[in-house]
Amino acid sequence: MSEHHPEPKPYALPDNFPVTWDDPADSHLPLDQDRQHAPMPITPLSGWLAQHYWGKGASAGLAAAGQPIMMHVRRVNTYYYMGVTPSVPMEQMQEAGQKAEAILKSQLPIIAERWNNEALPEIRGYHDKWNAFDLRTASDPELLAHLDWTLETFARLWDIHMRTLVPALVGPSMLQDLYTDLIEDADPMDAYKLAQGFDNSSLRAGEDLWKLSQTVKDSSEIKAVLKNTPTNVVMTALEGSDDGKKLIAGINAYAQAWGRRSDTVIEIGDPSWVEDPTIVIENLKTYLQSDSPDPREQWNEVVAERERFVADVQAQIAGYPEPVKQQFNMMVGAGQAGHWIQEDHNWWIDQQGNHQVRQVFLEFGDRLYRTGAIEDRNDVFMLLGDEIIDSANAGFSGDFKAAIIKRRTEMDKWAKIPAAAHVGTDYGSPPDNPVTRALGRLFGWGPPREEAPSGTIAGSPGSSGKVTGTARIIVKLTDAGRLSKGEILVTPTTSPPWTPLFATAGGIVTDTGGALSHCAIVAREYQIPAVVGATGATYAIKDGDQIEVDGDAGTVRIL
Amino acid sequence: MTKADLVTLAFFEDPGADDVTRFGGKAASLAKLGSAGRIPPGFSVSVGAYQKWIDNGSGELPFDLAAEFKSAYIILERICGVIDVPVAVRSSAIDEDGIGESFAGLHDTFLNVIGADSVIEAIIKCWRSLGNQHAIDYRKANGLEIDSAAMGVVVQQLVFADVSAVAFSANPINGNRDEVVINANFGLGEAVVGGLATPDTIVVNRNDFSKQTLTIGAKEIMTVRTKNGTDEKPVPRIMRGMPELTAIQASEIAALVVKLENHNGWPVDVELAIHDSQLYLLQCRPITTLT
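Same order as they appear, the protein sequences are chains A and B.
The first sequence runs -14 to 544 under the working numbering.
The second sequence runs 49 to 339 under the working numbering.
Do not rely on the hints blindly, as some may be mistaken.
[Unchecked claim] Straight-line alpha carbon distances no greater than 25 Å define the calculated DMTMM-like cross-link-like pairs of lysine to aspartate or glutamate that follow:
hint, chain 1, residue 1, chain 2, residue 2
1, B, K275, A, D170
2, B, K118, B, D226
3, B, K275, A, D166
4, A, K310, B, E268
5, A, K90, B, D324
6, A, K84, B, E268
7, B, K275, A, D203
8, B, K275, A, D297
These are calculated hints, taken from the structure and not from any lab test.
Since the structure is predicted, the reported quantities are computational estimates derived from the model, not experimental observations.
Just chain B, same shape as in the assembly:
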């Protein structure tokens, strides 16, 4: 095991926050997004912090790290202008979200975490999820190392999504590069990202955003906020037939993912949230299934 990196934490816009070896794939890609879209503010916990925790051996968080995380959370409260700002805490493995592999959903994610103590607890849970069996199986299947796997963590303001969407700059089903595909569902992103519900699907022609095909999904389930977390609830029957996105919103999303693809040089798989008509960019990674 190498000596722990001294950098333990960085906000997305800080220099070096886009270093994948320090903060993991998810954190680095968020930092790289820069001004591509409106991104909820947040910070990344480094692999170095993870190693400090491991080196400590007790499973407890070393005091200095706890103090650092606490003050980062307080800074985040100020940036957001919200006391007890609810955040999403997501794992960001070093070998995650690299071109070729996507760990989507394999490591733990905690939504609607409120307060510094709860955030610290969630970070430790993310670290522990590095050893979860699904993730280990996935690593084995993809020929990735298991022992040297290390974990960064992203702490980001939670957008109270009215609608969550996953958008692809190329059609991941048939490989068609002229089609942008958007999946959307009511509520937070878990139901659509985790495939718990059949979302609406909008296929947008990449050369003419006004050409759209909407398929209303069954939208069985939506992810809602609870007092200190989230829960899956049935979408009310009378809302299942309603479209999630307007044609204008679908065009806006299509324009964003095309821009992100051009910026990155590879087809992108993007997570988005819409709250109060504002589109937020939550994640951007390569589409791993295209041939």
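One chain only, chain A, in its complex shape:
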């Protein structure tokens, strides 16, 4: 970071997005709205949790990975903002950066081992403890102590997350750098073919749901119930027949196995699928309305393509020095591990971690509701953690009802106003190194794009291929049933719980993300064209528009 840096200056804000800082010192942070992880306003409790425990855990994990940076989260005008600052003085940055790179290189060959042997057993231990704790029967002090442990463990999960993710993200990104350096005139996206086709929890969750749909595909009675009954009463309607009861059991079993997840990764106010199987049923409906093929068959093609491609590249570099060939083989391994861990970590940390914290706070919600402090157990998410803990320490006393109405009004107000992309202070572009390049490919940062021709929206290539179809704007997974087979899913972002939709969509367009985002990775696994990071797509494209998605050029055309 010895290069010239422009003078820090406050980000200019749109007139309709003035910012008043709770803590004036926060105005010095460089904060970006993370639309990929939280496109909509988030609840106060989600913001509190992310600011205090997510940030703490993530920063500890980055430090453990040798990265001289810290992460900051602030809820600004109800939106989720994230910032990165150096954790060492600028004059030590170069030295720290070299150390970070050395640590990173030592970890790249053992990404999978570290996840399987260290991270996953530890995480499983925490989930076992959460699952074994009986929230209902715990005394108030026991519950408070459990919350304390829960928050610290949540931070620890995010510590593990960053230790894991730094090499797991940088691996595929460096593989792309290496591939394009080795192969002349290579299509950079081809590098990801080297890493595709590894089993992961997103794909297994999608496959299991498809299998569940196949158990009833020959029952016209069940199909009629699913087709004609509003989702919120499907379960009741299914009670009427033996086949229906079997499907209920199947849905419940699926929810138990894969349901400790919800729409997004930051918001803990959304019910998980265990609590509300709406999304499971919506996906079943979609699978049954058309004959979705067995995802495993397509999957085998993806695996075969990968193996052919790896062998092809190895043949092309057969005459290269041994250290280069070894580096290539190592980086292919790192890229492959990085790809499936990108999905698996999300299931074990982001999804299930949120689910566990949510369950604990819901118990506080029940107790606050019983004393009349709030009107509904779900209102607990409209409070800050400190308010909840203070109230619980005083026998769940207090009255938050008026404050909650005010906060909800505020969220509704901001939801109608697009959030500023950046708030706080602008320190210029981050330095170019393997970690910032990988982050760029996750979040879709990059050099300013060329002005797109009129009627065309520019994004990044996410998954190869070209497709034309009807645009379906879907912001929340609860709307998943609106997507019909072959239609183009247009959405601010996707996360692993969205995976079942990839079997239905003919193509995908997201507002956010880059070639290493969840959406791009999974679209490649399902071999459907995807354009990611097409800023403003969900505003510019209208539901029902005919659009053309060019996953190679990274452009979307409204026809």
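Once you have looked at the hints, place chain B on chain A.
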């Protein structure tokens, strides 16, 4: 023109293979290295063979010579235990690599030549390179004869170098006799010998090999093997910052060049290859720039 010498070819270890007037400087110095280090096997084509070719006048190789080269290649295949053994074919001029002058890189070299016919073709190309303009200019500038210049050729098993190095038993830049200087780069030697890339530089203290100063070079380019030859390719960005040699390898190289200097009685300029952790000695000549 003198009558052609009857000896047309010798393997490095054969008696007389170290005769510079017969085989040229490069070939003779390889033969003289003997057991100094591990040397890839090979044979030298004599000046006599060159003169036979010239005397033939047609530019074609006389039949008996072709047969001899073919059988030498087959013997080399057996020595190496490799069918279609890839070889390096290098020119070895009579007045080349003598103390005082170095023709490094002026005459043609062909790497990764496979099969007897291709080897013969490469030998003829080497002979023809005797007349190349760079070499003629160099001869003129150094006051060497042009008309009587004659050419031997070295045919040697190609080591698939993971790393290639050039090492000097004295610092060729500042003349410091207490410093061994090593330049190293990924791949075959052309990129480092031909100065196409900025290699890593390791300066080793001659009196204490553990005292080393490493400067990582930009390593823009490396020489890689293609199906039947070589090509220059960019070194992948993520490997440019990696050191080419371990400290132990640098010590091993330093020990070898000091031994070669002591053996020869003059400071040496040595070409080396490392493959599968084994160090190979490819060339040894005097440092021509020391004062």
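Exercise for the section: Starting from K90 of chain A, check that the Cα of D324 of chain B is at most 25 Å away, please. Expected result: Holds: K90 of chain A and D324 of chain B sit about 22 Å apart, inside 25 Å.
K275 of chain B paired with D203 of chain A [C-alpha distance capped at 25 Å]: Distance ~58 Å between K275 of chain B and D203 of chain A Cα, so the pair is violated.
**Prompt:** Going straight from one Cα to the other, do K275 of chain B and D297 of chain A come out at no more than 25 Å?
**Reply:** holds (15 Å)
Hint consistency between K275 of chain B and D170 of chain A [alpha-carbon to alpha-carbon, up to 25 Å]: Holds: K275 of chain B and D170 of chain A sit about 20 Å apart, inside 25 Å.
Exercise for review: Below or equal to 25 Å on CA atoms is what counts here, so check K84 of chain A against E268 of chain B.
Suggested key: Within the cut-off at roughly 23 Å; holds.
**Q.** Hinted pair K310 of chain A and E268 of chain B, Cα distance within 25 Å
**A.** Answer holds: K310 of chain A to E268 of chain B is near 17 Å, not above 25 Å.
For K275 of chain B and D166 of chain A, compute the direct alpha-carbon distance and say whether it is at most 25 Å. OK: K275 of chain B and D166 of chain A at ~20 Å, within 25 Å.
Is K118 of chain B close enough to D226 of chain B, meaning Cα to Cα at most 25 Å?
Not OK: K118 of chain B and D226 of chain B at ~46 Å, beyond 25 Å, violated.
Of the numbered hints stated above, those contradicted by the structure are hints 2, 7, listed in ascending order.
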